[in-house]
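Asker: Sequence:
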Amino acid sequence: MSLMGTHQLSLDVRGGVKGLPKTGILMLFLLGGCAVGPDFVSPTAPPVNQYTSGKQPVETLAAGGSAQSFKEGAGVAADWWRLFNSPELDAAIKEAIAGNPGLEAAQASLRQSQDNLRAGYGIFYPQIDADFDATRQRFSPEKLGQNSPGNIFNLFTLGATVSYALDIFGGERRTIESLKAQTDFQRYTAAATYLALTGNITNTVIARAAYSAEIDATAQIIGMQREQIEVADAQAQAGIIPYSNILSLRTQLSATEAALPLLKQKLSQSEHLLAILAGHVPAQWSAPPLELADLTLPRDLPVTLPSELVRQRPDILAAEAQLHSASANIGVATAALFPSFTLNGTYGQNGSSISGLFGSQNAFWSVGADLVAPLFEGGTLRFKRKAAIEAYRQTLANYRQTVLGAFAQVADTLRALEHDAELLQAQSQELDTAGEALRLTQINYQAGTVNYLAVLSANNQYFQARIGYLQAIAQRFQDTVALFVVLGGGWQNAQRSDILGDKPPVDGL
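Remember, our numbering sits 9 above the position in the sequence shown when you count from 1.
If you are wondering where the hints come from, they were derived from the structure by calculation, not from laboratory data.
Idealized CB from N, CA, C, for every residue including glycine.
Errors might be hidden in some of the hints.
Unchecked claim - Cut-off 27 Å, straight-line C-alpha distance, at most; resulting in silico cross-link-like pairs (DSSO-like, lysine-lysine):
id, residue 1, residue 2
1, K64, K80
2, K189, K395
3, K189, K393
4, K103, K275
Stated by the list, open to error - Okay, the calculated beta carbon distance ranges per label pair:
id, residue 1, residue 2, range
5, Y134, V290, 28 to 38 Å
6, E317, A169, 46 to 56 Å
7, R402, Y134, 48 to 58 Å
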């Protein structure tokens, strides 16, 4: 891409255009209306047809009673969180969209950029100003070489000025182009904030449900271990087992009890985070209670085509908007190297009294044109243009990094879901084995072949396996959420008011 654009003309050392008379240069730019600098073209997507190395997964193992399949080319629903079939989750997200301060700030930034763009369009209209001046002054004829007494009089002036900048080289058009790109950047930033908010709410709801389930399982383990210690203590007093066995059991109990406050703290933090995301202080609001069993795991998962991902992820689109703005800034810096043209006119009335302002003999007017051409700036303008080019290159590198990071996130999440199913299958088998061992131990205890200490030990192993199983379920849910988020979250299909916030941020302003 040429840094001077597709309509670039080469200038010779005398300032003329090769092949054209010097008198035709101005008419050429007036008629052609071209803007110097590069015409922005969106970067192409990476030339790949899948995200992962090797064979991209098509479906996962059947774990926890369900397998997940990946539908290549399918779009992401705007309200993807409804696939979890939880009214409590839907209510929490609705509350957050309505009151999250971070989303409101992003929406206000978008409205600010839109107003700046509207203000920038004013350069394409004539600038008209009115002026009224009233003075009392003393005139001295000595200034004109006349030897006569001076006089004192009133002077009233009413006039208007009109000026219009001719954007021959397109500097103002490139400025507006940059403002448009900045507006796009704020729009995609608001969309990214919306996407992150819905993802964080869903993840936090899942985490809170998982912590609550782990707390219940841990409390049951603690109860089993305390009962186990009571049985062991009775056996030690009877001389059946050594006292060191009791010390080992108490150490195990202490370790389990130490894990409980940490889980309760994480549960509290998740509840506080939900309140903050919804725009409330923790003491004023709490999300509806939810258990892991209340959530449904989505089975059919969309996988956006790689060529479409760059057109759907808001962070990539925001990086592209910054790249567009940087490209337009090259045009602004290039146009500053060329002359600027302004048409202007003035009309007014003078009079010694207000009532005499409108006499035909008191009118004055002027019409003219200004041309300002930079002749010597000490290299300032040339190096500003070079700096704009380097800024573009930097932004292009940042854009490429954003795209690479996005593709890596999708690849990581697809593999994570594949491995989550494997982990959940292993945890499910462990839980089933521990449950069967507990059942057989209870049968043997009833038959008198084992003591009650063996039953308590089997119970302990079962609940430990249950905690691992709960953690695997929660991880699978959260990685499913991550897939919807890294694919762009379907924000482009959401309600405009949810993302853009089409309302004034402060009543009455």
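Asker: Determine for every hint whether it applies to the structure shown.
Answerer: Hints, one by one, checked against the model:
At most 27 Å may separate the alpha-carbon atoms for a hinted pair to count; K64 and K80 meet this at roughly 15 Å. This hinted pair checks out: K189 and K395 have alpha carbons roughly 23 Å apart, not beyond 27 Å. This hinted pair checks out: K189 and K393 have alpha carbons roughly 22 Å apart, not beyond 27 Å. A distance of roughly 24 Å separates the Cα atoms of K103 and K275; the hinted pair therefore holds under the 27 Å criterion.
Evaluation of the 28 to 38 Å hint for Y134 and V290 yields a failure: the beta carbon distance comes to about 48 Å. Look at E317 against A169: about 55 Å separates their beta carbons, and that is inside 46 to 56 Å. In this structure the hint that R402 and Y134 lie 48 to 58 Å apart at CB is violated, the actual value being about 35 Å.
Checked against the numbered hints given earlier, the structure breaks hints 5, 7 and satisfies all the rest.
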